[in-house]
Amino acid sequence: MAKIESAFFDLSYLDTLATGKTVIHRLDPRIKVLTAALFVICVVSFDKYVIAAMLPFALFLITIMGLGGIPAIYVMKKLALASPFAIMIGIFNPLLDQQIILHLGSMAVSGGWISFLSIVLRFCLTVTAMLVLIATTGFNSVCMALEKLGMPKIFAVQLLMLYRYIFVLIAEGQRMYRARAIRSFQKRRMDMKTFTHLVGQLLLRTIDRGQRIHQAMLCRGFDGTIRTRQTLRFTLRDLLVFCVCGILLIGMRRYNIANLLGQLFMEILS
Amino acid sequence: MHMADALLSPAVGGTMWAATAGTIAFCAKKVQQDLDDRKIPLMGVLGAFIFAAQMINFTIPATGSSGHLGGGMILAILLGPYAAFLTIASVLTVQALFFADGGLLALGCNIFNLGIFPCFIAYPLIYNPIVGKNPTPMRLAIGATLAGIIGLQLGALGVVTETVLSGISELPLTAFLAAMLPIHLGIGLVEGLVTTAVVSFVWKARPEILEYAAASRPLGNLSMKKVLVALGAAAIVTGGALSWFASSFPDGLEWSMAKTSGKEELEAPEAGIHHALSGIQGKTAFLPGYGFKKNDTEPAAAEESAPSWPAVDIGTSTSGLVGGSLTLILAVVIGFLFRKRSQVK
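Those protein sequence lines, which keep their order, are chains A and B.
Residue 212 in our numbering sits at position 212 of the first sequence; the count goes up by one each step and never skips.
Count along the second sequence from 1, add 270, and you get the number used in our numbering.
In case anyone wonders, no lab produced these hints; they're calculated from the structure.
Note that CB positions come from ideal geometry on N, CA and C, so glycine has one too.
Misleading hints may appear alongside valid ones.
[As the list claims (entries may be wrong)] Calculated cross-link-like contacts (lysine-lysine; reagent style DSS-like; alpha-carbon spacing at most 25 angstroms): (1) 193(A) / 474(B); (2) 403(B) / 474(B); (3) 148(A) / 300(B); (4) 403(B) / 300(B); (5) 153(A) / 474(B).
[Unchecked claim] To spell it out: a stretch of chain B is covered by chain A in this simulated footprint if at least three of its residues, at any positions, have a beta carbon under 8 angstroms from a beta carbon of chain A; those stretches are: (6) 353–367; (7) 429–440.
Generate coordinates for the entire structure from the input sequences, incorporating the hints supplied.
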């Protein structure tokens with residue numbers, strides 16, 4: 001139950017964030033999608049033992065989160081919730097790769113720990129990038145942008161339809177779940193038989209709903225083709241922002257900014 | 271089960287993306303061609319249904335742990351493979367964007383693992399031949415259970431292959447396989463049983479729904495030949511995509527090559543490019559040379575990294591550490607500044 005409620009909360013919360021009016025929100029969705037893609041590609045293309053050179057990317061993300069008004073606490077919670085798979089796979093690295101490649105004072109650090117940290121950092125960066133994209137853009141705009149960028153229209157329509165009815169069906173599932181919980185004296189666990197009946201019932205209702213929606217669409221003149229409203233406008237400012245972000249990202253990928261900064265700092269000190 | 275961006279190399283992720291995007295385009299075309307337009311809203315709500323159903327947990331008999339529905343097979347049975355594939359892809363996209371399950375790059379892998387295997391392998395090659403045109407409860411049970419198991423096994427195999435090929439994780443192929451396949455055998459069995467139960471429930475309550483689905487599914491008589499041709503085409507596309515990535519992301523591929531060559535002795539012809547590229551990488555990467563751990567198969571790389579191997583160049587790593595910490599501090603400061611600003615507002 002907690003799961004279904006938190007899913008509901010996540011969807012509506014990210015939706016609320018996406019209605020913001022900050023500088024980032026006002027950018028064209030296409031450039032945000034492309035920048036996010038470039039960001040992810042840059043991050044994952046780093047060598048597996050890289051840590052420091054990835055940190056500037058975090059800086060980039062935090063700047064955007066700040067400008068876009070995305071609360072850091074929320075993002076951190078999501079990261080913690082989503083991390084088990086990456087951590088579970090990554091945690092084997094320190095066990096399997098014990099070659100010492102770094103000495104911190106007297107402490108020797110094995111390659112495995114470095115690559116594990118690198119995996120965790122990659123995970124944080126890529127997941128945050130995606131959350132920031134959706135929280136500053138909104139799902140509908142992301143779909144429109146993807147359609148403009150060449151995604152098949154019917155898939156765009158499918159995504160929009162799905163998103164529209166997720167809220168309805170989660171609420172319906174939640175009601176059924178609650179009804180069962182009330183009638184079973186709060187018995188927490190559900191056996192498979194009850195589950196299949198509940199889900200089967202939900203499925204039947206869903207199919208009926210699909211038919212009703214189809215009839216409603218026919219009433220409104222649906223002829224088999226879907227028309228999506230286009231409101232995207234690509235301005236010079238968007239182009240400029242995209243170029244700046246692109247140059248920044250590629251620059252951060254090519255040059256180890258953290259290292260350069262460190263060298264500069266040490267030179268000033270000495 | 272969801273792949274994460276963090277474990278993927280750009281070459282593997284990009285290839286899977288290309289393969290998945292191609293399949294989506296192909297399915298979109300198919301669905302548009304022989305669609306009775308009732309399917310458009312139905313696909314949408316069924317996707318949302320899968321979403322809601324996945325949130326409801328049940329107790330797995332005899333284990334005490336809890337599981338939830340995957341739903342790929344149910345969609346394939348109700349919608350036919352093309353529409354089902356689009357629906358699964360859309361569900362995974364929303365999950366990636368909103369729940370951080372997987373990631374942007376990993377989306378290609380995830381759709382491939384959880385969509386292509388159930389829709390284009392398990393459904394037409396296992397479920398359909400077993401269940402046939404006139405389903406009986408027995409046939410339905412065997413078909414759905416087997417298809418569920420095999421679909422998930424293939425999916426797990428996909429996850430393992432993609433992770434190992436990417437080379438970010440150190441897990442060796444055999445150990446990873448030995449862990450993933452049995453777990454997913456169990457998960458697949460449960461998934462198959464639940465699929466069977468839900469489909470039989472629908473069949474008992476409203477048999478016309480399944481009949482409608484069977485009648486209108488365009489892929490009802492998918493031949494083995496077509497599947498093979500499609501798989502062949504996918505392989506060619508994949509190969510093409512891989513070589514494209516080789517030219518546009520030299521260092522990403524380069525280090526994955528280095529990784530494989532360390533293990534599978536893929537040497538001589540690459541040495542020239544390799545040397546040049548490792549030079550570039552040495553200049554650009556923090557902890558240069560660490561990509562090449564076992565240098566015995568790569569003379570070119572060995573020359574470069576051997577001198578610095580036992581004692582890491584202190585200067586570089588210190589400045590890396592200092593710079594890294596500075597960046598972190600800067601990040602925190604920026605974060606606080608923004609917070610302050612929003613509080614002032």
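Status of each hint after checking the structure:
For the proposed pair residue 193(A) and residue 474(B), the alpha carbon gap of about 15 angstroms is at most 25 angstroms, so the pair holds. With a CA separation close to 16 angstroms, the supplied pair residue 403(B) and residue 474(B) stays within the 25 angstroms bound. As the CA atoms of residue 148(A) and residue 300(B) are separated by approximately 21 angstroms, the hinted pair is consistent with the 25 angstroms bound. Using a Cα cut-off of 25 angstroms, the hinted pair residue 403(B) and residue 300(B) holds, with the two alpha carbons roughly 22 angstroms apart.
Among the hinted pairs, residue 153(A) with residue 474(B) is inconsistent with the structure: their alpha-carbon atoms are about 36 angstroms apart, more than 25 angstroms. Counting residues of the stretch 353–367 of chain B whose C-beta lies closer than 8 angstroms to any C-beta of chain A gives 9; at least three are required, and the coverage claim holds. Check on the stretch 429–440 of chain B: 5 of its residues sit with their Cβ under 8 angstroms from a Cβ of chain A, so the three-residue criterion for coverage holds.
Checked against the numbered hints given earlier, the structure breaks only hint 5 and satisfies all the rest.
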